[in-house]
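So the sequence lines, in the order shown, correspond to chains B and C. Counted the way my numbering counts, the first sequence spans residues 1 to 404. Counted the way my numbering counts, the second sequence spans residues 1001 to 1168.
It should be emphasised that the hints constitute simulated quantities derived from the structure, not laboratory data. Source: prediction; values computed, not measured. Just so you know, even glycine gets a beta-carbon here, dropped at the ideal spot from N, CA and C. Just to be clear, a hint being listed does not mean it is correct.
If you want the footprint, here are the derived chain C segments under chain B, 3+ residues with CB under 8 Å [unchecked claim]: (1) 1024–1031; (2) 1046–1056; (3) 1060–1068.
Mimicking DSS-like on lysine-lysine, the simulated pairs with C-alpha atoms at most 30 Å apart in a straight line are [unchecked claim]: (4) Lys65(B) to Lys149(B); (5) Lys1092(C) to Lys1026(C); (6) Lys1166(C) to Lys149(B); (7) Lys1026(C) to Lys149(B); (8) Lys149(B) to Lys69(B); (9) Lys379(B) to Lys1166(C).
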Amino acid sequence: MEFVSQHPVLVASIIKVAVLLLIVMTALAYLTWLERKVIAHIQSRWGPYFVGAHGLLQPLADGLKFLFKEDITPPVTDRLVYTLAPFLAFALALTAIALIPFGPPSVAFLHGQEAFSVADVGIGLLMVFAITSIGVYGVALAGWSSNSKYPLMGGLRSSAQMISYEVSLTMSVVGVVLLAGTLNFNDIIRGQQGYWFHFIPRWHVVPQIVGFLCYLTAAIAETNRVPFDLPEAETELVAGFHTEYSSFKFAMFFMAEYANMITVSCLAAILFFGGWLSPFPESWTWQNFLPGAGLVLLGIYLAYDTVTQMRGIARVQLGVVTLLCFGVALLCLIPSVASVIQGPFWFTTKILIILFFYIWMRGTLPRFRYDQLMAFGWKLLLPASLANLVLTSAWFVYGWVKHG
Amino acid sequence: MSLPSFMFFVCGVFAVTGAILLIWAKEPIHSALALVLVMMSLAVLYLLLGAPFIAAVQIIVYAGAIMVLFVFVIMLLNAGAEEHTDFSRLAKYVGWPLAIILIFWASHWLWRSPAAAAAGSGGLIAGPDSTRNLSIQLFRQYLFPFEATSILILIAILGALFLARKEE
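Next comes chain C alone, as it looks inside the complex (with noise of 0.2 Å):
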């Protein structure tokens, strides 16, 4: 087996563990940093895709900055361990069969799609230039949409500095 591909699958392996213990565990900050392992794993696939950039602006904002925040908001209020209401009883029995379903419906369709296969050969190692190009991309064909999304972010932030205003 070749390095990418071990990696991949090492990297897979801890995406899925780590989302099934966000899902499992009673801590809240122990789903925050499951979540964070599988940011972190993610970030790995898009290096063995080929993509250094978005890698590293993944682990930066995501796990960096926005997880960050969600431990923080947990150390703040001191949550304690969640408890179980009927309504989670719900997921036991109609949740396991949909997961279980959409494992096998998602898992046929990648193993017959031609696009998997290309996949596991991908890049590990990028062009030197695979920065400038994305950034080329961004600045050119993409700019109206890529500036959309900018005001649209300061939108947000104006909004929680609106809500979070002290009353006067």
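Looking at chain B on its own, in the form it has when it is part of the complex (with noise of 0.2 Å):
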């Protein structure tokens, strides 16, 4: 106890740490169900069905057959680099999520140590975004050193397409900054408190919609998905950079996907719609038991599902995720709890929101031939990231609108 007392950050630090990473690897494991689950919909499909009920266990079957696949090095490769390159990826991918802050910083344990985000950096912005400039090395390195022409081409293409798009991408949040005045994540969101004609939240997706546009297109090429899923388009490139990965090596690489997605969802929450605000004004307190209520709808939906659709070992599997959702909604209820964890429970909300439009996007949209996707990106991303700048200066010089 006094080791805790003299070492708080450090003693916070590693808690923070150990939870987060134990969130987002569950949360990573079920985005993966999410979205086998929505596009099997949107396609008159069914999905993941028999493992668990309703598949629930299907990213668990999924990690342990990565785990006991032969992890197979093909003999040419440089050994150091082909090894180094995933676990950059998916590092790296983890790190980010580390600065985002997923409720207010007002909810403190520890001597005072900040409960909802590992490190509030002053220039969170700017780290979120040095860290991720990074992360394209895994994926060249991976198509380098595999030494196969499949891969090269991949990780070529996927290099210059992250380095391309990471231009609008910074380009388009820039405008968030200007109206914010600072890259701090907390003091982004509490700039956007407030409404317009007492409705509006005044969130930054307002003033800078064309912003936001540009910043989910270069989000959704940044982290390679479809549309922009070039580097990975089978007909031409095979598997695209992890071609010759196998095993927990390409699960990295899959799993560093899913983080990236994650990361940009949240950012996009953050900059454009207020992050862990709610949308509500704070007079309003019975949205305190939002949370505990949703719960308590979905544990009825899951309830009746149980008895009415579900036979043998899938009855009693989904049985107790109702029974565990119940005692969640019921923690939630209670006063205290439900107080403490607005915040969290609005920024998930939006981050689900984001993430569901990117599954439904994949479930959408046909490929980018690779020409157009680089002239998309060089030719109408950019200018119109950097028109939104200077309108947004603009604005500022002449004083259409004041500094927050």
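Two chains, two separate frames, one set of hints: put the complex together.
As structure tokens, this is what we get:
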């Protein structure tokens, strides 16, 4: 205990990192489940259904499968770089999430340490961009070190794409930084408090709608997702940069991609949708019970589903999930807990909506051609985000808006 | 040992090791990776000196853009291991003694200068407005050199475009 009071920052950081890692890894696993389910329903299929009720144990089965597969290293590869690449991709993708504040800094534990962000850095936004800009090495090095032509082509394409769209990605958020006047995430979020005309939340998405659209497009390209998933165009490149990877090294690339998705969704929620702020005024105290009420509704649906649809072992599994859901709902209805989880609740809701949009895009759109992709990035997206930047600066210069 | 000075020594060792590996490695891509290591360690050193903005920009510009371009070129050319020539043998007889003299000379002067003693106790935690102060300095006091550098970079971009242009 004495050690804890002497080094509160160290102990709190270790606890927060451990908890965050646990949550993020689970979220990654279930994001793959969500993606397969949503796309399946878009295409009139069932998706994973047999491993656990509604395929809920499918991510676990996939993870075990990756662990037990033989890890093949082709003999002609550059051993060091070949092994380093997946670690680099995955570690950097996870590091970026540590800078995200999941709730207001006023919630504290262990002698006043912030509970909801691992590192509240003064230049948080720049730091996230710094970390994601290194992420391209994972892909480029994987493509090069495999010593095979398809991975090389895939790696080259992917790095070219990521470098090109990173410019637009950075340019599109400068407008928000101008509006907020800071690079710190919590300050950016606090600057979005209040309402226009008493009902529209002062989120940056309203004045920065062009910036938001540019950001969204560039972010999808940056994470190599459909319709910008050229590096993995299987008709042209087999599987792109990770063709020669197997077993858990492949899984690390896979998880890095999903972790990057979560990071860019978090950034979108913070920069344009008010992060952990609630869309309702603070005086509406009933909103504290929204998470609990939502979980109760989900629990009722699950109970109905358990009784009417499930048979055998699946009925037991879904029954356990239902009970868990009701338990967490009861916990969320305790007034003190309800007020603490407000921030994370709204933040998670916003992230989930943006992630759903991502998956929706994947289920709907065909892939770009490579030259179209480059032309789109340099000739349309970059000028648009630059124009947005010039317009926002003009706002300030001519005093159309007051600095908050 | 306090945390900042511990970090300083760790990153110093990383930076020096990276720099040595950069010269030592035979594969160009290993050299490039070693240089990335040097850049990252330097970024942490900037952070320790209380300059978080410079640290982030160091990573974004050098490690994230310039070195990616290096790796890109190495990948495109598919450059193999470098060969040793007669000229590189010269380094053994002239280069090594010169390097040792340089190290002793530099450490002698650093040891004696009062700035070195003060640097160890540097920031780590910069003021919340350090980025704002930097930009105020940059855009008020040093506006002319800043703009001149920007125009220089613009000219370089135009030059690159001109050289890369297709023959008509």
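Hints, verified against the model:
1. For the segment 1024–1031 of chain C, the stated coverage by chain B holds: 3 residues have a C-beta nearer than 8 Å to a C-beta of that chain, and at least 3 were required.
2. Counting residues of the segment 1046–1056 of chain C whose beta-carbon sits less than 8 Å from any beta-carbon of chain B gives 3, enough to reach three: the coverage restraint holds.
3. Check on the segment 1060–1068 of chain C: 5 of its residues sit with their Cβ under 8 Å from a Cβ of chain B, so the three-residue criterion for coverage holds.
4. The suggested pairing of lysine 65(B) with lysine 149(B) holds, with an alpha-carbon distance near 28 Å, which does not exceed 30 Å.
5. For the hint pairing lysine 1092(C) with lysine 1026(C), the CA-to-CA distance comes to about 16 Å; that is within 30 Å, so the pair holds.
6. For the suggested pair lysine 1166(C) and lysine 149(B), the alpha carbons sit about 27 Å apart, so the restraint of at most 30 Å is met.
7. Proximity of lysine 1026(C) to lysine 149(B) is assessed by CA-CA distance (about 23 Å); at most 30 Å being required, the pair is judged to hold.
8. About 24 Å separates the Cα atoms of lysine 149(B) and lysine 69(B), which keeps this hinted pair within 30 Å; it holds.
9. Taking the CA atoms of lysine 379(B) and lysine 1166(C), the gap is about 19 Å. The hint holds against a cut of 30 Å.
The structure shown violates none of the earlier numbered hints.
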